[in-house]
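Chemist: Heads up: the protein sequence lines correspond to chains A and B, in order. For our numbering, add 293 to where a residue sits in the first sequence, where the first one is 1. For our numbering, add 293 to where a residue sits in the second sequence, where the first one is 1.
Hints listed in this document are in silico derivations from the structure and should not be mistaken for laboratory results. Note that the coordinates shown come from a computational prediction; the quantities given were computed from them, not determined experimentally. Be careful, since some hints might not be right.
Intra- or inter-copy, both count: the list cannot distinguish identical chains.
Listed below are the simulated DSS-like cross-link pairs for lysine-lysine, each with C-alpha atoms no more than 30 Å apart in a straight line [what the hints assert, rightly or not]: (1) Lys390 - Lys446; (2) Lys328 - Lys305; (3) Lys446 - Lys333; (4) Lys305 - Lys333; (5) Lys328 - Lys390.
Protein chains: 2
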Amino acid sequence: MARVTGDGTVGKALEVLDQVAAFGRPVRFSELLDKSPFPKPTLYRFVQTLTSQQMLSYDPERQTYAPGVRLVRLAHAAWEQSTLAPIARPHVDALSKAVGETVHLAQLDHAQVLYIDKRNAGNPVQMYSQAGKVGPAYCTGVGKVMLAFCDPKVIDSVIEQQSFHVFTPHTIATPAALRDELADIRAHGYGFDREEHEPGIICVAMPILSDTGRVLGALSVTSTTRRTNLAGLEAYVPILQETANHISQDAQNWSFPDYETPEATRI
Amino acid sequence: MARVTGDGTVGKALEVLDQVAAFGRPVRFSELLDKSPFPKPTLYRFVQTLTSQQMLSYDPERQTYAPGVRLVRLAHAAWEQSTLAPIARPHVDALSKAVGETVHLAQLDHAQVLYIDKRNAGNPVQMYSQAGKVGPAYCTGVGKVMLAFCDPKVIDSVIEQQSFHVFTPHTIATPAALRDELADIRAHGYGFDREEHEPGIICVAMPILSDTGRVLGALSVTSTTRRTNLAGLEAYVPILQETANHISQDAQNWSFPDYETPEATRI
DNA sequence: CATAATGGTTTCATTATTTGAAACTTGGTT
DNA sequence: AACCAAGTTTCAAATAATGAAACCATTATG
């Protein structure tokens, strides 16, 4: 009797929620059933419950389910309280203004890169990545620099579980190559994305480390091969370093004001 | 035996999640216990489960809980699939560029205004920074115009449940005043925020209606009394109207491509 | 037009999980 | 040392989840 799900009923319901989100589009009950380990009535009741709880939304027209708006509300709270974003915001603003290129702020969530903030360059290069979006760690600048400074055990387990997918001719495709790259990043203190995820897209990334060396997140400046090159991006290393330091300091000094009873907006 | 919670165990767990989010800051177990209808061990296990599921994050240092990062991931999916935001994005971009003022895109969620996108006047930040925030419907431009075009029954129930809170000298403070205002909005087709929520902050708001007259959302252009006045904002009505129409059209024509098997980024 | 198939919904006896009063542990205070 | 508060675990009783089967409503199919 292998425990696949864990955490009882609530865990299972959340698994269903993840399933729906993973589809990336409104999904029918039967489609969900195909991919679900649960029997029909069980899954049915989960979807009912989640819908009634606004965690899913139901389109009666097309008979489809999608992640619900309650999540957006909750996520706002999460974003403000459990991410670096609010602390980093002024620093990211300043960085963005100084470099005039797209800037990303990311954190590591499990083995994945979670983008938690972004500033578009003046002319918006629309591409993959927005706050809340996740991506693989091994082929993004921010992912690699965060991984590089993780605990060796974490690195091992991430690499072990990672299925390497080749996005471009430059994608790092083997555990060995990734380990080399990580060593390289540790040696320099920062890293690059050399068109490893999208052709023509390059970036320079800097980890945000606590005083004890723990990885808090990462920053990156992204551009295109048409506008600049790796050497050009490397010029941003000092300001990135400085910004990362500022964020790290603020993060460690920061704590929520202990007293205040906020004027609630809840009804 | 009044059923307060509904939806069994999952509903209760989500109630706890809301509680944590409502605090707006990291919260101790005992604080939560004070405000919770659940007995100690029950609440304890819920918090454990939610934490293990990454819906809450736990800070062992301070012994506090906060909404977890998994929510940010899930919310991204919700934002993309269950809101107007992705459809409206290009139109909101264009509007923002044209007017050079702060632009909001909102939807109605229960009786509350849910901001789902925003363009700041100065730097084009698009994202959760503000998206996900909720506010009362009766004293925001977007809230009023959405309410105005809702079903009369909905209006009644919202007004009935609304507890009016006076934010500024201009805040609409009575059901009667609100009904007058809504009638006025229906007559004109658009509405204003006359410093009703924050002193010095004014806006003009336009509902986004489907062909059948259903409320899909609302747009607003916000400014300050220092920079302009209501007459100045009214000049934006034509472009707001046009933008709202475009969004409405796109929303009704749009449906997810039925076929495609998206190249998954999941590990 | 009947019939089958598909996708969705409900029933109900069985089973497993949740529940919470009470007891216990831990770390800090007088 | 005794006390206290916050957090954690126990365990029998109460409750909710489970899923095989049956049912219903549409939409294909012969």
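Chemist: Now, for every hint given, state plainly whether the structure supports it.
Modeler: Evaluated hints:
When the C-alpha separation of Lys390 and Lys446 is checked against a cutoff of 30 Å, the pair qualifies neither within a copy, at 38 Å, nor between copies, at 49 Å. In this assembly of identical chains, the alpha carbons of Lys328 and Lys305 lie at most 30 Å apart whether taken from the same copy (14 Å) or from different copies (26 Å). With identical chains, the CA atoms of Lys446 and Lys333 are never at most 30 Å apart, being 40 Å at best within one copy and 36 Å at best between copies. In this homomeric assembly, Lys305 and Lys333 come within 30 Å of each other (Cα to Cα) both inside a single copy, at 14 Å, and across copies, at 23 Å.
In this assembly of identical chains, Lys328 and Lys390 lie within 30 Å of each other by CA distance neither inside one copy nor across copies; the values are 46 Å within and 44 Å between.
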